[in-house]
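Trainee: Read off the chains here:
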Amino acid sequence: MLYREAGQFKSSYAADQQIFPIRQDRIAVGAVLVFAFIVVPLTADQYWLSAILVPFLIFSLAAIGLNLLTGYAGQLSLGTAAFMAVGAFAAYNFLLRVPGMPVLVAFVLAGACAALVGILFGLPSLRIKGFYLAVATLAAQFFIVWALTKFGWFSNYSSSGVINAQKIEILGYRFDSPLSKYLLTLSIVAVLALAAKNMVRGTVGRSWMAVRDMDVAAEVIGFPMLRTKLSAFAVSSFYCGVAGALYAFCYLGTVEPEGFNLDLSFRILFMIILGGVGSILGSFLGAAFIVLFPIFLNSVAGPLEHAIGVKLPAGLMSNLELMIFGALIILFLIVEPHGLARLWQIGKEKLRLWPFPH
Amino acid sequence: MEQRRIGEVILRLEDISLAFGGVKALSEVSFDVREHEVRAIIGPNGAGKSSMLNVINGVYHPQVGRITYRGTQRQQMVPHEAARQGIARTFQNIALFKGMSVLDNIMTGRNLKMKATILEQAIRFGRAGREELEHRRKVEEIIDFLQIQHIRRTPVGKLPYGLQKRVELARALAAEPDLLLLDEPMAGMNVEEKQDMCRFVLDVNEQYGTTIVLIEHDMGVVMDISDRVVVLDYGRKIGDGTPDDVRANKAVIDAYLGVAH
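If you read the sequences in order, they're chains A and B. Per the numbering used here, the very first residue in the first sequence carries number 1; after that it's consecutive. Per the numbering used here, the very first residue in the second sequence carries number 1001; after that it's consecutive.
Do not rely on the hints blindly, as some may be mistaken.
Claimed, not checked - Dumping the calculated DSS-like pairs for lysine-lysine here, alpha-carbon to alpha-carbon at most 25 Å:
no., chain 1, residue 1, chain 2, residue 2
1, A, Lys10, A, Lys350
2, B, Lys1024, B, Lys1098
3, B, Lys1113, A, Lys197
4, B, Lys1113, B, Lys1098
5, A, Lys197, B, Lys1024
6, B, Lys1138, B, Lys1113
7, A, Lys348, B, Lys1098
8, B, Lys1138, A, Lys197
9, A, Lys350, B, Lys1098
10, A, Lys311, A, Lys10
11, B, Lys1098, B, Lys1194
12, B, Lys1158, B, Lys1113
13, A, Lys129, A, Lys10
14, B, Lys1158, B, Lys1194
15, A, Lys197, B, Lys1115
16, A, Lys129, B, Lys1098
17, A, Lys348, A, Lys197
18, B, Lys1024, B, Lys1250
19, A, Lys350, B, Lys1158
20, A, Lys348, B, Lys1158
21, B, Lys1115, B, Lys1138
22, A, Lys10, B, Lys1138
23, A, Lys197, A, Lys350
Hint data in this document are derived by calculation from the structure and do not stem from the laboratory.
Okay, chain A solo, but in the shape it has when bound:
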């Protein structure tokens, strides 16, 4: 089937404004969802589920969060991991301290806590922009991790702030197995990704992009600067907070504040740079790339060693990985600042015309 919209006529604005206006896109998204919800659970083994797919989904969610703030609203943030930490510790504390707290409610409240913290650290954005704002969010990164370590209350006075995520139980069903955790994560991520897509094609998304592209004009046309920027920080941090809660509850099980360090913030920033700044799809592509690439590299290394008959030093692979990442990020920034999502889009545009050149 060709990727072409010829013959698909829209006779109402509702049809024209639907989330995926092209039929082939709708089929593709449906296929991906069927694959993720049905095929994967039937075929994937434990390793794939718990070590690759779950972190991929969680990072995608965090990347969506950062993308809403940086890609759509144009506010560079280096505090992503800290907002995730707020989510993880908030969910832990809600479940610990409020008897009978349902897990999903705790996740939502964790996101809300992260949103509040995000608003607080977003306040400087009203005065400063660009790199200076990035430095201000860096303060959030260090302050939050410090506060979670320093004040024992957050981790229920465990040593060095380590928390053990509680068991997840929803309506009497225990989410113990990797498969059940995968499905839970997938459901939450799918719902939130859909919500993000809806937001960016609504007024709030337009207000973010307006502030990103031309802030004076945005204000003149009636978007209040304060509310627009802070709403971007709030929504972004909500997503990061929920991602953080999932990171603790569905992926690692045991987390400490130090786990949410600047490295993690940068990893998520790299995901959106590689995947595509200002694209929901790009958040998934970037997360997939960063999660899968090391695995790909390792699987290539084995046969390569075998082929050339030389044993590569153990440290080489991990260093090589960093070097290739660095090179790729520079390459993307120069060649395709809008990342994999833009490449994908160019491919689609070409396909729509293929085999004709224009």
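Place chain B on chain A using the hints.
Mentor: Quick look at chain B alone, frame taken from chain A:
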């Protein structure tokens, strides 16, 4: 087409003085704008024309002076408050949202009329979806009016200059303003594009009854389409009146042609 009737004074500026440090951009400028009229502000480069518009919609705050808009007197305006009060504008250097399509750019002009909360928009339930459709209809009217149907999906960054100017006008019109401020709407256009733009400006004025304040350098255009003209030079008002009055004004001729000392 309804007969255009010039009404009462809608906006009155009194003794506006604006300085940036030691540089006086505007000194004691006073003028008024009547409902439904086309009011031009002209003057040589650096005369303070754009500053004047920025004062009207609150981007700049004058140190001295009073602004009376629709009977309410203020010392200064605030941009989004001005927008709420029905003031829209275009910019001298196009200030479109480059990453967005023409349609989305024009939709931003409707933002003050959309009330759905973020949560409603996230699930696109009830009001959110309905509003998008209602306002899309209005936006399409404006797209038809300005004849830009063929580019509605194009990202504005890819459009030629003349069309970008037109999209910017569309975005301002989408707000259905009572008072429209146009900062050099025809700068850098060829004769044909200028004619089109003049037509659009006059149509807006006639069909919607929008009051228009415009800055323009093309004297032919100004004299043809405006009802009254304010002339600024070095931040001071040197002339005010109908195009014919201004044309005959000695100070204006001196400012434009220079004067032998």
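Trainee: Under the constraints set out in the numbered hints, which ones does this structure not fulfil?
Mentor: 2, 5, 10, 12, 13
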